[in-house]
Amino acid sequence: MPSVKIKKTSPDNDMTPMVDLAFLILAFFMLATKFKPEEAVEITTPNSVSADAVPEKDVFTVSIDKEGRTFVSVDNPEFRRVLIENINTTRNLGLSPAEMKAYTNAASVGVPFASLKQFLALNADEQKKLKQPGVPVADTTGGELYFWVRDALSAYSGRKLNLLIKADNATKYPAFKNVLNAFKKNDQNKFLLVTEPEDAPSGTPLHETRQKQIDKVK
Amino acid sequence: MASIDAGSDGGGHKKGPGVKKAKKLSTKVDMTPMVDLGFLLITFFIFTTTVAQPTAMKLFMPKDVDKPEDQNKVKESGAFTIMLGKDDQVYYYEGLDPTKLQAIGFKGIRDAILNKKKSTNPEDLVVIIKPTEDATYKNTVDILDEMTIAEIKRYALVDISSDEYQLIKLTEAANGIK
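From first to last, the protein sequence lines are chains A and B. With the numbering used here as the guide, the letters of the first sequence map in order to residues 1 to 218. With the numbering used here as the guide, the letters of the second sequence map in order to residues 1001 to 1178.
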């Protein structure tokens, strides 16, 4: 084969500006956003005109998916450690220290107390794959969720704990009611419901109040 | 040996004799304006938007009291009851008589609430929300949202009684279970 010399051509377009832009966009997203927290379940929350932000710290979140399965998650790892120790003692679960440590790393837990030991014995990947049945809240006394809440409150004794309820649009009212009962039996009557933001519809009293506040600032 | 020479058909545009060679024009595009616009747009979005955060809706419930004397009394003239049925159905009645209930959707309930608010003394107005077991969480949150939108100060989330539930079932049957 005759030796064909590959012609060396210089590139026509200088890609530097494009690369610059790409780095800029990347830097923006690194600084302005956070990773979406891993969820064991997909939950689409309803919209609301409420403008208060969800608190980041000191939260005890109860998530309910559309089938009514209930999950408990707590943000602070230190708090999780105290919580699991309390639960272990009060419910006599017989968890080993390794299993309790596994809990402090787990995202959210939705298994009855009877299966909790087994669940924590699995490693992180298996935990994610397993379809958790949810914490039982089936009856009007609040089921097992009552005990989770009680131990969470004692773990947080004295300090304010934000109770968050995150439920799917299609969750039926009784599932929600049972969660409320679990809280009520623990004498907790103030909750925060996690929702997606939306604007106040025009022509309503709320819209006018908000307009007035904006005009005052202007 | 016959060989497939794919290259020669496409690449061998041999110009016939006598054709002038076209003048080669440069295809370089100056990207500077595009980059400028890009930066401008990015700066615009950085300054004008925030990453959407989920918001929290406060829900405060009164303490459960078993003694009827301690429960808050509701005046008939100020009572407005909203019941949530299945398939996003909303029923409401004024006063304390459930047999006068009317069916309405979520779109109409806001006007109904605002009308009631206009025609009632703010001291007496109490909205009672009774979701049935067929109602979804979305229905409940939407109604609580309507309370915030209409700026109703006193409202309550209570269980539905079996009589009212029967009435709703009858209404659904009469309207051809929607």
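Hints should not be assumed to be uniformly reliable.
Claimed, not checked - Derived lysine-lysine pairs resembling DSS-like cross-links, with alpha carbons at most 25 angstroms apart:
hint : chain 1 : residue 1 : chain 2 : residue 2
1    : B       : Lys1021   : A       : Lys184
2    : A       : Lys101    : A       : Lys117
3    : A       : Lys212    : B       : Lys1086
4    : B       : Lys1100   : B       : Lys1116
5    : A       : Lys177    : B       : Lys1118
6    : A       : Lys177    : B       : Lys1021
7    : B       : Lys1153   : A       : Lys190
To be verified - Here chain A is said to cover these stretches of chain B; the calculated rule only asks that three of the stretch's residues, wherever they fall, bring their Cβ under 8 angstroms from a Cβ of chain A:
hint : segment
8    : 1097-1110
9    : 1139-1145
10   : 1160-1172
Bear in mind the hints are in silico, worked out from the structure with no lab data behind them. These figures come from a predicted structure and were not determined experimentally. All C-beta atoms in this analysis are idealised placements derived from N, C-alpha and C, irrespective of residue type, glycine included.
Verification of the hints:
1. Lys1021(B) <-> Lys184(A): 89 angstroms, violated
2. Lys101(A) <-> Lys117(A): 12 angstroms, holds
3. Lys212(A) <-> Lys1086(B): With Cα atoms ~38 angstroms apart, Lys212(A) and Lys1086(B) exceed 25 angstroms; violated.
4. Lys1100(B) <-> Lys1116(B): The hint holds at about 15 angstroms.
5. Lys177(A) <-> Lys1118(B): 31 angstroms, violated
6. Lys177(A) <-> Lys1021(B): 83 angstroms, violated
7. Lys1153(B) <-> Lys190(A): The given pair, whose Cα atoms are some 16 angstroms apart, holds under the 25 angstroms limit.
8. 1097-1110: As far as the segment 1097-1110 of chain B goes, the hint is violated, because 1 residues have Cβ atoms under 8 angstroms from chain A.
9. 1139-1145: holds (count 6)
10. 1160-1172: That given contact is violated, which follows from only 0 residues of the segment 1160-1172 of chain B lying within Cβ reach (below 8 angstroms) of chain A.
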